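If you want the building blocks of each chain, they are given just below.
There are 2 protein chains.
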Amino acid sequence: MVNTCRYDGQYTCDWDQMLAQRAERMKSSIIRELLKVTLQPDVISFAGGLPAPEFFPIREFREACDYVLQTEGEKALQYGPTEGYPPLKEFLAEKMQKYGVPAEPPNILLTNGSQQALDLIGKVFIDPGTVVVTGRPTYLGAIQAWNAYEARFVTVPLDDDGMQVDLLEEILKREPVRFIYVLPNFHNPAGTTLPLERRIRLAELAAEHGVFIVEDDPYGELRFEGEDITPIVVLHKENTIYLSTFSKTLSPGVRLGWIVAPERVTAKLVQAKQGADLHTSTFIQMVVNDICQRGLLRPHVHKLRQVYRERRDVMLAALEEHFPPGTSWTRPQGGLFLWARLPEGCDSEHLLRVAVEEEKVAFVPGSAFYPDGDGRNAMRLNFSNAQPDVISEGIARLGRAIKRELAK
Amino acid sequence: MVNTCRYDGQYTCDWDQMLAQRAERMKSSIIRELLKVTLQPDVISFAGGLPAPEFFPIREFREACDYVLQTEGEKALQYGPTEGYPPLKEFLAEKMQKYGVPAEPPNILLTNGSQQALDLIGKVFIDPGTVVVTGRPTYLGAIQAWNAYEARFVTVPLDDDGMQVDLLEEILKREPVRFIYVLPNFHNPAGTTLPLERRIRLAELAAEHGVFIVEDDPYGELRFEGEDITPIVVLHKENTIYLSTFSKTLSPGVRLGWIVAPERVTAKLVQAKQGADLHTSTFIQMVVNDICQRGLLRPHVHKLRQVYRERRDVMLAALEEHFPPGTSWTRPQGGLFLWARLPEGCDSEHLLRVAVEEEKVAFVPGSAFYPDGDGRNAMRLNFSNAQPDVISEGIARLGRAIKRELAK
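Residue numbers (this note's numbering), protein chains in the order written: chain A, -11 to 396; chain B, -11 to 396.
In isolation and in its complexed conformation, chain A is listed as follows:
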């Protein structure tokens, strides 16, 4: 190969001038930046949303990979349909039906985790300035996905039962809302669960005001106690886009989630996904399908519920013991997270820096979960990733750091 270019090849265009307007609003997620810092082995991190890796079904994945490649290797390594691998779509439709959700395969689209579902929803439904209602706080991945489409966020405060739906009506009267984003089960970051009455009222209000609902349910299967509550999509099936994922039940590293939506909505999301990445890995879909078809998902989830319940209990006990008066926290019935509030005026972003440096313990500051950067006197604590004794030690460290800050 010869390089006979007549200029020096060093020219560069003015990249800053090349950016689309939406790119100005793209920022790195504070969580993902934090995750890098907290990779130091001596830091106890409650920051990530990571499942417990020691319970990953590794043997099941090995057997499934081997079986799929041995029996259908040519299909597994080839291009596949954008909608998803048909047997997995059928499995998910049946699974949803058991859950009370009237889904058929044409309602379902496989995605690269729920994050891609949020992105596709943004791509199809959000113009610059489109009004989206979220909780206050809400999942930061949704803020990030929809910021990139220049959404305008209007937020509804949460209490210990999740979104305060009675405050929604006034917003729907005032603002040209396009959709409402809710995490009804074991909310990320708040750990709250929306009671049935609020779900019904939410569905009614959406219908009255002609807006739709995005119901994000990554943790619904990880309930530790109490009864399952009817999903909003069951109450309001023609008006709801429902999202779930295998990230919290099997593995986040395979990046596999799914959307359930009215058929014509799914069809539009399929078009958006074609342009976005053609389709989700055929191989990954076939491997996960094999695990599901063998009936290994349900016992595995059953085990995870026990493991995570114990870890939640350990964290709640440690909080009682080590957190000072004036702090409070939610008591989640499932999921991966709880939400702790510090006394007014205590800044969790500052606390994080101190806690990592002086006590080698990390969490996510509350501000990451507010579109407007509020929430600085709160924090999200993950209880699924660390082992029980590590949770106790970490909360003790964090308690010391908070007490020192309050004493200043």
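The set of hints was computed from the structure by calculation and includes no laboratory data. Values in this document were obtained by computation on a predicted structure and should not be read as measured data. Just so it is clear, CB atoms sit at the ideal spot from N, CA and C, and this is done for glycine as well. Treat each hint with caution, since some may be false.
Said to hold, decoys possible - To spell it out: a stretch of chain B is covered by chain A in this simulated footprint if at least three of its residues, at any positions, have a beta carbon under 8 Å from a beta carbon of chain A; those stretches are: (1) 42 to 48; (2) 125 to 133; (3) 168 to 178; (4) 262 to 269; (5) 326 to 337.
Unchecked claim - Using 25 Å as the maximum straight-line C-alpha spacing, the simulated DSS-like pairs for lysine-lysine come out as follows: (6) A:K86 x A:K291; (7) A:K391 x A:K348; (8) A:K348 x A:K83; (9) A:K348 x B:K63; (10) B:K348 x B:K391; (11) A:K291 x A:K348; (12) A:K291 x B:K63; (13) B:K86 x A:K63; (14) B:K86 x B:K291; (15) A:K63 x B:K291; (16) B:K348 x B:K291.
Claimed, not checked - Derived, one-sided and incomplete: chain A residues facing chain B with beta-carbon distance under 7 Å: (17) S239; (18) G241; (19) P287; (20) W317.
Following the hints, complete the assembly by docking chain B onto the known chain A.
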């Protein structure tokens, strides 16, 4: 679970009114719709861009899956960094360096195939109305990805040496171009290769006019004859975003590609990918990395070159024998496709319908590769997927269909 909703749950918002403006421009790719029709086992299809499945490295994948899960299962199934799995980034940086491209790991971003790279480029660089220069014809996946960001396409005709770069200057003077999209090696759909002089002139023109270049190179390693030609990114490294993929060398079904760009451009694309899907499957990246680190990629690609060269030769011979006077076609030096032109006035969309119905043979009509739907007297023929005797039979069938159409 109880459903006590006080209305019938049948309400639906006016979904058509909910769509973002960009969603109006999303259409299903004609190729992907076609692929469904041509799944009938008696249809010989030259339509897809599918590799030969009988040469997929299935054994290598089985061994790599087993090794990765056995030795690093907890890491493989866990969340990972958005930028990509570090050892694979290092492998790709070294691979690019051998190819003459001065890449380091911070220049590289792993994507879900090159299609996601096209999408991320659109997300970061295309506002509604942004002018993008493409060949005429060009890769339909790029049209689809950038239509979703409401790009305005300005096209430059191709001849047998690819994009007619001498026609570019006038466009750059006239239009507020943001970037130029080129497929220099074994163009999809045209099968053409851009000579070094044109690459140099393209780099010079981009520098003179302050625009950047997107160099899409999925087939570069599949050269059957002749010498490799310097990639544009080598000539113009600070001003070029280079894309490649494992789809045509290892497997499209794993969905794994990569971007090489100036460091600050990669950083912006990483932010866009965080919001789009957090990261590409850790497991898939570790499996492909294992295959690459064992040195299995190069001998596998060597074998594919021989297989595809034979198939190209069989197709060229069959075209000589069966296509009527007035037709012509390109003679690609590599890749997966050639481009055939029909006599003026012969409509390849109509021909497709006739060919599938009467002769059970399929191809992609040329119009799919023109942003403005022109190109109706041409077709793309894939020679990688079908076995040699099937190629001969398929081209004989297609020749008969064309002759019948011309006789009408």
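Hints versus structure:
Against chain A, the stretch 42 to 48 of chain B contributes 3 residues with a C-beta closer than 8 Å to a partner C-beta. That satisfies the three-residue criterion, and the hint holds. For the stretch 125 to 133 of chain B, the stated coverage by chain A is satisfied: 3 residues place a CB nearer than 8 Å to a CB of that chain, which reaches the threshold of 3. Figure legend: the stretch 168 to 178 of chain B, annotated as covered by chain A; annotation inconsistent (0 residues with Cβ-Cβ distances under 8 Å, at least 3 required). Coverage of a stretch by a chain is defined here by at least three residues with a beta carbon nearer than 8 Å to that chain's beta carbons; for the stretch 262 to 269 of chain B and chain A the count is 8, and the condition holds.
Taking a C-beta to C-beta cut-off of 8 Å, the stretch 326 to 337 of chain B contributes 0 residues in contact with chain A, too few for the three needed, and the coverage statement is violated. Note on K86 (chain A) and K291 (chain A): the hinted pairing holds, with a Cα-Cα distance of about 20 Å set against a maximum of 25 Å. Among the hinted pairs, K391 (chain A) with K348 (chain A) is consistent with the structure: their alpha-carbon atoms are about 15 Å apart, no more than 25 Å. This hinted pair does not check out: K348 (chain A) and K83 (chain A) have alpha carbons roughly 42 Å apart, beyond 25 Å.
As the CA atoms of K348 (chain A) and K63 (chain B) are separated by approximately 22 Å, the hinted pair is consistent with the 25 Å bound. Note on K348 (chain B) and K391 (chain B): the hinted pairing holds, with a Cα-Cα distance of about 15 Å set against a maximum of 25 Å. A hinted pair counts as satisfied when its Cα atoms are at most 25 Å apart, and K291 (chain A) with K348 (chain A) does not qualify at roughly 30 Å. Simply put, K291 (chain A) and K63 (chain B) have alpha-carbon atoms about 20 Å apart, close enough for the 25 Å limit, and the pair holds.
This hinted pair does not check out: K86 (chain B) and K63 (chain A) have alpha carbons roughly 32 Å apart, beyond 25 Å. A threshold of 25 Å between alpha carbons decides the hint, and for K86 (chain B) with K291 (chain B) the separation of about 20 Å falls inside it, so the pair holds. A distance of roughly 20 Å separates the Cα atoms of K63 (chain A) and K291 (chain B); the hinted pair therefore holds under the 25 Å criterion. For the proposed pair K348 (chain B) and K291 (chain B), the alpha carbon gap of about 30 Å is over 25 Å, so the pair is violated.
At about 4 Å, the closest approach between the beta carbon of S239 (chain A) and any beta carbon in chain B falls short of 7 Å, and the interface hint on this residue holds. Checking G241 (chain A) against chain B: minimum C-beta separation of about 4 Å stays under 7 Å; hint holds. At its closest, the beta carbon of P287 (chain A) sits 17 Å from a beta carbon of chain B; the interface hint therefore is violated under the 7 Å criterion. Hint on W317 (chain A) is violated. Least Cβ distance to chain B is approximately 24 Å, over the 7 Å limit.
Hint violations for this structure: numbers 3, 5, 8, 11, 13, 16, 19 and 20, all remaining hints satisfied.
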